[in-house]
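Colleague: Using the hints, position chains B and C against chain A.
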Amino acid sequence: MRENMTKLFEKIMDFNFDNYGNNFLLTKDKSFNHIQATILLANWLKLIHQNHKSFRVFDTGLAISIFRDNSTRTRFSFSSAAHALGLGVQDLDEQKSQIAHGETVRETANMISFLAELIGIRDDMYLGEGHTYMKEVSDALDMGYEEGVLHQRPGLINLQCDIDHPTQTMADLCKLRDYFGGFKKLKGKKVAMTWAYSPSYGKPLSVPQGIINLLPRLGMDVTLAHPDGYDLLEDEVNYACKTAAENNANFTITNSMEEAFKDADIVYPKSWAPMQVMQKRTELLMAKDKVGLDDLEKHCLEHNKKYVHWECDRDKMDLTKNKDALYMHCLPADITGVSCAQGEVSKEVFEQYRKETYHQASFKPFVIAAMGILTRFDSPEQIISKIHNNLSYRF
Amino acid sequence: MRENMTKLFEKIMDFNFDNYGNNFLLTKDKSFNHIQATILLANWLKLIHQNHKSFRVFDTGLAISIFRDNSTRTRFSFSSAAHALGLGVQDLDEQKSQIAHGETVRETANMISFLAELIGIRDDMYLGEGHTYMKEVSDALDMGYEEGVLHQRPGLINLQCDIDHPTQTMADLCKLRDYFGGFKKLKGKKVAMTWAYSPSYGKPLSVPQGIINLLPRLGMDVTLAHPDGYDLLEDEVNYACKTAAENNANFTITNSMEEAFKDADIVYPKSWAPMQVMQKRTELLMAKDKVGLDDLEKHCLEHNKKYVHWECDRDKMDLTKNKDALYMHCLPADITGVSCAQGEVSKEVFEQYRKETYHQASFKPFVIAAMGILTRFDSPEQIISKIHNNLSYRF
Amino acid sequence: MRENMTKLFEKIMDFNFDNYGNNFLLTKDKSFNHIQATILLANWLKLIHQNHKSFRVFDTGLAISIFRDNSTRTRFSFSSAAHALGLGVQDLDEQKSQIAHGETVRETANMISFLAELIGIRDDMYLGEGHTYMKEVSDALDMGYEEGVLHQRPGLINLQCDIDHPTQTMADLCKLRDYFGGFKKLKGKKVAMTWAYSPSYGKPLSVPQGIINLLPRLGMDVTLAHPDGYDLLEDEVNYACKTAAENNANFTITNSMEEAFKDADIVYPKSWAPMQVMQKRTELLMAKDKVGLDDLEKHCLEHNKKYVHWECDRDKMDLTKNKDALYMHCLPADITGVSCAQGEVSKEVFEQYRKETYHQASFKPFVIAAMGILTRFDSPEQIISKIHNNLSYRF
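Protein chains in written order, with numbering that gives the first Met the number 0: chain A, 0 to 394; chain B, 0 to 394; chain C, 0 to 394.
With a straight-line Cα cutoff of 30 Å, these simulated DSSO-like cross-link-like pairs (lysine-lysine) come out:
id	chain 1	residue 1	chain 2	residue 2
1	B	287	A	287
2	B	202	B	322
3	B	289	A	289
4	C	287	B	289
5	A	52	B	52
6	B	385	A	52
7	C	297	B	287
8	C	202	B	287
9	C	52	B	385
10	C	287	B	287
11	C	134	A	354
12	C	287	A	202
13	B	134	C	346
14	B	287	A	289
15	C	289	A	287
16	A	289	C	287
17	C	134	A	346
18	A	297	C	287
19	C	354	B	134
20	C	385	A	52
21	B	354	A	134
22	B	52	C	52
23	B	385	A	385
24	C	385	B	52
25	C	289	B	289
26	C	289	A	297
27	A	289	B	297
Some chain A residues flagged as far from chain B (calculated, every beta-carbon gap over 10 Å):
id	residue
28	5
29	7
30	17
31	49
32	125
33	201
34	227
35	228
36	255
37	275
38	293
39	297
Read the hints as simulated data drawn from the structure, not as lab findings.
Cβ atoms here follow ideal geometry from the backbone N, Cα and C, with glycine treated the same way.
The shape of chain A in the complex, shown without the other chains:
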């Protein structure tokens, strides 16, 4: 989709940014108006970068990253966004810090934020924990700002929690809008969000939960497919049902990958752990029960093998609309014969869509930058206008 920088700017300025809020924790917290504005802003920032121009907003300041789980891509996306906005990045490494020694979340959140403009958190290991932690940080920041301890309320962005992965799903939506040519073209498109086999276990539920919650809002028909027992969190499935109904979209659950793929415009085959396993794993991790964790892993990997045929291969792709649905993945994918003996996707299918998956990923830093602008500023339209009026080359 070719877009004009000025026209996109004008479109963005038509949106109402009131009550956007200082956090981006879950897409379901945001109005559809705000979801669209975020997507357009991310696209505009990407267009600016592509034209070698700068969308620097800050003269100086700090962005803070807190990664409670390993990450390469998200770490680089956050760092890229922060630096493009003019911020330096300081990582809070809880191993290195005193935070492990009894500090309260409230205190630490304030202590690190005196000059912070943006905070990004990844916390997806424990069911029931990640989102809760982020809300605690949010409350601490609100309090610190109200009490005058902080001179500004930093924007807070969820870089993946136990419930949602909004920087991923919003990047996915950028890709879909770009691929199909606009939000309106997405209405009625059929999406297969399906489980896929992987020789690993413990992958978070946040991507499928985020997808089934977000895409129905565009009027897209989503089919969720997974083997028996690989359920997502009940609340998230219920929200998906409700939101689909409100948007005159279909939301279906099946235990057949083939059924989901049938006539799909988009397929998103991706492994995740059964919700019950994640709950068990959370308990064991918290109890530091190494033996229990090893047993659970062994048991799960064995159980997973029953579903080794849940692979996105050529035959299944042939079931999709015109045999050429868009294949999506948040990467890295477990590719059969490449990164593992048997995985989520066949080598042939992945190779065919590799460029598309890279392009899909390329939206993430710009989504984070857009969220940064929108959560940090009370009147983001002023900042956006300033970027527009001062566009100059980055070098």
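Modeller: Relative to the frame of chain A, chains B and C by itself:
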């Protein structure tokens, strides 16, 4: 205390910055004139930040942090200050680096500093080591600059050593000046710098040593209280005596927390290890005597328990002036029933003053930024004027 | 050598930068014209910095460092260069990241590079691996850029591989040009690139290989000296022979340190591991054969001891031209009686030339910055002119 940005600037410009020096290692190295100028500059920078304006000084350049002990708050304070001044931060991680393999301090100090503007060091684990190491680095930088190897002499800031913790105590002084309404109001105020019980051991002596050395210079009456055997370094206590006498202030030592609290305007109850234990610990750490360290810890924790009643609680606070002395802490505090079963301060007292302790901490990044400007530049008044003349919004 | 900033700029602009390429992996990949231009540009950037002016090129953007081996100096040199150019630095820590779990180099290279302007890689542990890995990254970046996934092709710089260490040898050449007063003065100068004893093993071959490949191109006569069995890679030695012949320079190999030192203008005594040992070590490292590695180390250290007299001492220095050849080292050196009982160089000789070795090292950040500008931009002369036209004070 409400201050006017322009008036504060004018006050600062009345100071004489000659011979400030390129290091800030110990407050006792600095003239009272320079101490005051640093405090006012820190306050001015904070005011600038609060007004969302920029005190960026550098177009590009590097700030280097060397943390030989864990740190969250100081790490973020240093990073915040560096980025606000326009510098990037590179951490020298001695685990990752070749420094552990026989490189001399002199060589490393030069090799990392070719483009460095600022260096911050935390080295508080070993008695007799931290300050010595910083002076070695300082000598190496002087030599490198004189020999023309370095194009500039980076400013060097002590982020806590075995003797002093000047970025903390100067932030504390900022808080006191703000709380009581000016330097002059501090004269004659009574400070209780007291040991407090903690279920941990090995906490550095630098904060109490720094406090008893700095506050008498303001004419404040300081009472140092600790159980028998929890002595501070003799040189530091002697300096406190001498400096109190020179400033017509009282400096008293007692082994009663209650006595220190009596009629105090300010209380600073904080745990530290007995000096003799720190010396023993230094020997054991250097000998890598794990068993000896475990024994020492066990013994000390046991010994500490004799002083479990050294807790800052409501009853002790009631002994203070009008029952409402200002409670100070460098954080994190060991709060009874919150971060430990029995600690330095009761939950009630801490909660009452929590906001004040956060506010106290909020001065640290600005103190570091002020020290950065004053140590790095031979004519800081030019830089300060430049900031004043170019004040613009940070975003 | 005193140089004039404007004259040096004019000299640089006389060079032809066409086809410089987006990588600096090996000096032998570059034309002599490009080698000279890089050296002059590095010197000019150093002169700008020395005059407290800025050579910032980027408004915002990211530099990525990938260190597959420990490093202090190179890490700081890269970070210094990146920040001076206006970039932030994000390190790809393969321990922390998901890269260890089956991701392909191609994918990771793209995923981290969406906003990257510069990438520096150190990978010198495994013979046959480092350069190969860098070429893979290069291919991935080319592909990502061609496919439109990346908006720009980041410049890629070798921060040390198994074959060459171009940021070191180019800094060495800067030092030589400065010391002797210009490129022309280097013609006919005699260099002793010799092995030296060290009580360690496993040091890379990249520095001696880089030196024997680069200096003959200046018409310098290079003698390579090492004990029997301490061979360099055959291809690199062959290239040195060929290139010396093409430049009417002498290239000799001897197994006598004294012979190499005789009448030398420059001596570069430095330990390295025998090539066969590095090959064996590579196999053992990849097989994670801890016992085998320990055996190999023990055997090698024992074997090294036969050559303990390969020390650069006063007697050997007296063999050199006028007894005052320039002593060079990439640092840190193993100094007898300082960093080890018996090492590469005597304390006396090192101390005499210490300042020169520090000065030699000081060119490295500027060499990296020069390579950054030349590899990143298709028309570097535009960027260089822009720096020249906008020279302003850094603070």
